[in-house]
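Take these sequences, add in the hints, and give me the full structure.
Chain by chain, the residues run as shown.
There are 2 protein chains.
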Amino acid sequence: MQKSLSVYDSDGSTFAPLVVIELVSETKEEAIAWLLNRVRDKQQDGGAELLVEQLTPGAQGTEKDNPNVYVVGASWQRLLYGAEDVGLFKEFNDGSMRGFTYANKHNFKEFQGDGDGFLSMAECQYIIKHELDNLRAKDEAHVPGYPKMKLYPGKSVIRRMQSKGILVQVFPLHEKEELKRLSFSWFKKIKLSFQPLDDIRHYFGEGMALYFGFLEYFTLALIPMALIGIPYYLFDWEDYDKFTVFAGFNLVWCTVILELWKRLSASLAYGWGTLSRKKAFEEPRPGFHGVLGVNPVTGRAEPLYSNAKRQLRIYLVSVPFVLLCLYLSLYVMMIYFDMEGWALMIHDEEPTFWTGLLLFIPSIIYAVVIEIMNLIYRYAAEFLTGWENHRLESTFQNHLVLKVLVFNFFNCFASLFYIAFVMQDMVLLRQSLATLLITSQILNQIMEAFLPYWLQRRRNKKAHKRMIKTMEDKELPLSEQVKLEADMSTYLGTFDDYLELFLLFGYVSLFSCVYPLAAVLVVLNNVTEVYSDAFKMCKVFKRPFSEPAANIGVWQLAFEAMSVIAVVTNCALIGMSPKVKSYFPESETQLILWVVGFEHFLLASKFILTFVIPDVPKHIQIKLSRLEFESLEALKKRVKHFGKDKLQNLG
Amino acid sequence: MQKSLSVYDSDGSTFAPLVVIELVSETKEEAIAWLLNRVRDKQQDGGAELLVEQLTPGAQGTEKDNPNVYVVGASWQRLLYGAEDVGLFKEFNDGSMRGFTYANKHNFKEFQGDGDGFLSMAECQYIIKHELDNLRAKDEAHVPGYPKMKLYPGKSVIRRMQSKGILVQVFPLHEKEELKRLSFSWFKKIKLSFQPLDDIRHYFGEGMALYFGFLEYFTLALIPMALIGIPYYLFDWEDYDKFTVFAGFNLVWCTVILELWKRLSASLAYGWGTLSRKKAFEEPRPGFHGVLGVNPVTGRAEPLYSNAKRQLRIYLVSVPFVLLCLYLSLYVMMIYFDMEGWALMIHDEEPTFWTGLLLFIPSIIYAVVIEIMNLIYRYAAEFLTGWENHRLESTFQNHLVLKVLVFNFFNCFASLFYIAFVMQDMVLLRQSLATLLITSQILNQIMEAFLPYWLQRRRNKKAHKRMIKTMEDKELPLSEQVKLEADMSTYLGTFDDYLELFLLFGYVSLFSCVYPLAAVLVVLNNVTEVYSDAFKMCKVFKRPFSEPAANIGVWQLAFEAMSVIAVVTNCALIGMSPKVKSYFPESETQLILWVVGFEHFLLASKFILTFVIPDVPKHIQIKLSRLEFESLEALKKRVKHFGKDKLQNLG
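Protein sequence lines correspond, in order, to chains A and B. Numbered by the UniProt record's numbering, the letters in the first sequence go through residues 1 to 651 in order. Numbered by the UniProt record's numbering, the letters in the second sequence go through residues 1 to 651 in order.
Keep in mind that a hint or two might mislead.
[What the hints assert, rightly or not] Below 25 Å or equal to it, Euclidean Cα-Cα: the simulated PhoX-like pairs (lysine-lysine) are:
| id | chain 1 | residue 1 | chain 2 | residue 2 |
| --- | --- | --- | --- | --- |
| 1 | B | K279 | A | K279 |
| 2 | A | K309 | B | K623 |
| 3 | A | K309 | B | K309 |
| 4 | A | K180 | A | K164 |
| 5 | B | K279 | A | K278 |
| 6 | B | K623 | A | K278 |
| 7 | A | K618 | B | K279 |
| 8 | A | K279 | B | K618 |
| 9 | B | K278 | A | K278 |
| 10 | A | K155 | B | K279 |
| 11 | A | K618 | B | K309 |
| 12 | B | K309 | A | K279 |
[Unchecked claim] Which residues of chain A face chain B? A few of them, derived with a C-beta cut under 10 Å, are:
| id | residue |
| --- | --- |
| 13 | A301 |
| 14 | T395 |
| 15 | K618 |
[What the hints assert, rightly or not] Beta-carbon label-pair distances, calculated as ranges:
| id | chain 1 | residue 1 | chain 2 | residue 2 | range |
| --- | --- | --- | --- | --- | --- |
| 16 | A | A604 | B | F601 | 29 to 39 Å |
| 17 | B | D116 | A | H142 | 54 to 64 Å |
| 18 | B | G597 | A | L451 | 49 to 59 Å |
| 19 | A | R457 | B | I622 | 21 to 31 Å |
| 20 | A | Y315 | B | P585 | 34 to 44 Å |
| 21 | B | A414 | A | L557 | 27 to 37 Å |
| 22 | A | E91 | B | D496 | 46 to 56 Å |
| 23 | B | F92 | A | D487 | 51 to 61 Å |
| 24 | A | A301 | B | G597 | 18 to 28 Å |
| 25 | A | L492 | B | H106 | 13 to 23 Å |
| 26 | A | R457 | B | A561 | 36 to 46 Å |
| 27 | B | W342 | A | W594 | 27 to 37 Å |
| 28 | B | A414 | A | I376 | 49 to 59 Å |
| 29 | B | P585 | A | L451 | 57 to 67 Å |
These are computed hints drawn from the structure, not numbers from a lab. Just so it is clear, the structure is predicted and the values come from calculations on it, not from any experiment. In this text, a Cβ means the ideal position worked out from N, Cα and C, and glycines have one as well.
Next comes the structure, spelled out in structure tokens:
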């Protein structure tokens, strides 16, 4: 925990600031006073029982600075109760992971003294976010001073103020020291070692650590494919019959690595205590609106929105829109092929070095256009999915992922499918694949890390002028640190990072038998990706709230779907190879039947393999069942105890 | 509850007999005394706290009768505690299903007075079985009087005595009155109405009720297929191009009915309280043996058997054995085709009425041989799976089901696949399908219901002589009832019944486009099956212990796998149809590519459909999440309550 910074709370004692709340500068006094009181109130009075203080502007404070910035913290005891509230799992004395309870606190391994240092700062911040989100309106009809900002009993106060725009942002503070240590071990020294996943988890939470774990695992898993691919490139094995061996290896490999990842991620999540952690009941997402009614599950007042209406919006608007976009993407693809033909024509008429270069231009333009279309579509998809008005953040995310995945898959791979199976031009396929892959990698790295960093730098330069001296000091005053961090970009989650990996996986697996070098390129990309992602997390973005996660969720499914499609495409490519064709000189029918049979066999094996390999390693399974067994036994004992003594059960 | 029968327990008070324990007649006195004491002992002393008495032989008792027959019962209070122990779900006052707790008993809907009648007799018997199975050795090193019958602390006494053969059987008693009522509403009156599933569940338990529910659902679901199939037969649409429409309908239908069944079974299981019931910790199955060690999950002493050894047994013995059997089955199939050719030759040489009949002989012989091979293989598979020494009954069952399914599928359908895709003889396919289907149906009905009934009758005739008078009386003395029931065959579970349905489903779906009448035959078969199965459950077999079940388990998977295979076969059959062929006059390749594309499209739609249709109906989902939400809230409240008061947590 960051000890260097502290603020005085209203009692005069100090507390460590954890989370920053920023309200718009013109917020009415009464609303602020009411909010602060609610945050400070005792829990039995419906408050959050947290510590909160206005940030005192530093020496360099100007009038332009927003005065309504507040830092939130909590006492250690409050945080420990909060840890129990959110269902945090911690390591027990016997080495197993158990749900933390305040009463049992001394039986947890790392609990010493009064519990200072037991929770990581990321955990504390997560707890505070949870408590703030769960601060609910009592009998207020509206936010004081804002008669139009309606409230009803049970409505989350923070979410309402956020959706109405008087709460600008809530974000957790970075820890300078910790961050410096993490950056150093993570990306500042060039080394051949694994990423410090436990430290990443400690600082950024499980969701982020799983992303980096997956990125690393994926890269390592591609190395055998890359190693096998290199001789194909070096010895110029252009007759792509040899590639069929490579494709066969690829298919098996894809299935195996995805299955093994499940086991690895289960191990990681167990060690981090998220594997068996129960999901809390999900609140409606901030943007959700509807007529006030009673939630049939909780019995609480809550906006309700008819499912039939949502279905209508999905099937009558979203689906046609997606189809239209797919059609547009096809249209752009056909333009690309026209351009390609035109460039080829010019080159054939009068071949020079420049016309030779011209041959690559259409592919590069197309790759750029694809990226732009993906970007525009992304905004449209977000708008549409928001408009569909899903109640839960998780269903919103699922619908968004589905929309974006389908379009991106289509947009990135349609031309390759067309070249492979309609034009059947393997040379063009290889060339397009290489151009698309390399261009999109370069674009991605620029868009993702260097552009935000450059913007950040430009913005900071202005701030710089104000405090050239203090920047050099290690001990930046709290108010300056908060101001600096408040200006940083907000990290929008791992969605785009996973999406990029997903598309790379497609480039590697779908047409692996025509371009074995793809794996090498992807490995190289991923190595730089680790560094650029690590850099952007530590230097470019605000610290994100940690998100507990037990697995990579819907992305596991997406990768598995891709590996099924890869079986189909690779079998088709193998069937089209001249060497395989030469085995069936008389009859093409025989050839196709054999290839189809082989493909069905592979698909069946894939499903059987998925079934046979257990998703959770044996030793973790044993630990999980031991925990379950113990809780069953404890329940039985309590039941007997209470039952026999005829006491009223507490439950 | 059966009130008419009662026995006096040692205190002189009466109790209703629920379960019968039969020991071999020469069991040593001290072993019996010890067992009875352990059953009667208080729970805090490690006993089962049940009531148990020796059965006093009736007036007709002869010396030949086994004297070591005991009836077991329990007080109402004991049974209610037991209901909490086994985690029974009952209807709460607010209409939801909740885990029964003794302390909360008055809040359950049907709880009146002292709880007499709250539990059904089947539930009471299940509870008693559970308590008997959980009667564990304390510090006895062996069963008294039997130094070789080793015990260790925590070993289930009943299971040890059963596996060593001094405990002959444990079975629940029938309720004459209840059974008469059930039989009447179930199968004694010919009527057009649904089966009384709730009554079946009440008497036989959830596992059995789900089987009958599935049988009925499956029959109803086949009716549309049968209705569409009839005109094909009547108008003799022999040109099987028309059948492609039928096959298309079939494919969609199969997927939809299996998905809908999941929803229906979830509704049924919710109403019966098994849907959200937690599985108790599974004990090792009776036949399991190994070196005594410590179970890593429970920490209890228990035999352990190395997983590596088991894997070796599976892959080095069981898998080769299964493959050998499959080869044998293929060999028999080839003999059948030789016979078929021979019969055809004779018929062609000199066609008479008799040689016409002769044409059917090979098919009938083959069908009979298939049934016999299935039967023999079944025993071999059971032996092998037992020898693999699985720790849990559930994994034992899964391995057995897998072995039996693969062989039966192969055995029953290999010849049809051969005729369809190697010989491509659609007339022969239709004829073989019809013969196989009809013969196996007839054989099954005989083997399953009438043979056991006839054996039963023959056995009973001997007993009859002893008590011609009493048989007519409604009030058969307890001792006679017990003796009669002890002699009845034991029902071995729903395995064979599901297997039969599975094979019928295969006959209907795999080659539906060549023989639409199959659905009609299967519907007819299923209607009689309902009656014969109901009859055998009520009249032929001992009452089985009820088994809580939330779904049909591995069979759902088996049926789904069959429907995937059906997509492949039907697409292939459609591709072979002359009409479809005529669409692609020039190129067979084009035809095959289209068929393969269509098949992939169907398979993809199937998986998407499986994903899109929720497995649990919305209204049940809401009820389940409400329960979960309430338990989370209750936990939170308790946590706060204990936490704030700094009390030591009970958990």
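Status of the hints after comparison with the structure:
1. K279/B <-> K279/A: The given pair, whose Cα atoms are some 20 Å apart, holds under the 25 Å limit.
2. K309/A <-> K623/B: holds (23 Å)
3. K309/A <-> K309/B: violated (58 Å)
4. K180/A <-> K164/A: Not satisfied, since the Cα-Cα distance of roughly 37 Å exceeds 25 Å.
5. K279/B <-> K278/A: Measuring from Cα to Cα gives roughly 18 Å; hence the hint holds.
6. K623/B <-> K278/A: holds (18 Å)
7. K618/A <-> K279/B: OK: K618/A and K279/B at ~20 Å, within 25 Å.
8. K279/A <-> K618/B: holds (20 Å)
9. K278/B <-> K278/A: The given pair, whose Cα atoms are some 15 Å apart, holds under the 25 Å limit.
10. K155/A <-> K279/B: With a Cα-Cα distance of about 37 Å, the restraint between K155/A and K279/B is violated, given a limit of 25 Å.
11. K618/A <-> K309/B: holds (16 Å)
12. K309/B <-> K279/A: violated (39 Å)
13. A301: Violated, about 15 Å.
14. T395: With a closest approach of 12 Å, the T395/A hint is violated.
15. K618: Constraint on K618/A satisfied, holds at 8 Å.
16. A604/A <-> F601/B: 29 to 39 Å: violated (18 Å)
17. D116/B <-> H142/A: 54 to 64 Å: holds (57 Å)
18. G597/B <-> L451/A: 49 to 59 Å: Cβ of G597/B to Cβ of L451/A: about 43 Å, so the range 49 to 59 Å is violated.
19. R457/A <-> I622/B: 21 to 31 Å: violated (52 Å)
20. Y315/A <-> P585/B: 34 to 44 Å: holds (40 Å)
21. A414/B <-> L557/A: 27 to 37 Å: Holds, at about 35 Å.
22. E91/A <-> D496/B: 46 to 56 Å: holds (49 Å)
23. F92/B <-> D487/A: 51 to 61 Å: Holds - the Cβ-Cβ distance for F92/B and D487/A, about 55 Å, lies within 51 to 61 Å.
24. A301/A <-> G597/B: 18 to 28 Å: At roughly 52 Å between Cβ atoms, G597/B and A301/A fall outside 18 to 28 Å, so the hint is violated.
25. L492/A <-> H106/B: 13 to 23 Å: Hint violated: Cβ distance 53 Å, outside 13 to 23 Å.
26. R457/A <-> A561/B: 36 to 46 Å: Roughly 59 Å apart at Cβ, these two residues miss the hinted range, so it is violated.
27. W342/B <-> W594/A: 27 to 37 Å: Check passed, 33 Å falls within 27 to 37 Å.
28. A414/B <-> I376/A: 49 to 59 Å: holds (56 Å)
29. P585/B <-> L451/A: 57 to 67 Å: Check passed, 58 Å falls within 57 to 67 Å.
Hint compliance for this structure: hints 3, 4, 10, 12, 13, 14, 16, 18, 19, 24, 25, 26 are broken, all remaining hints hold.
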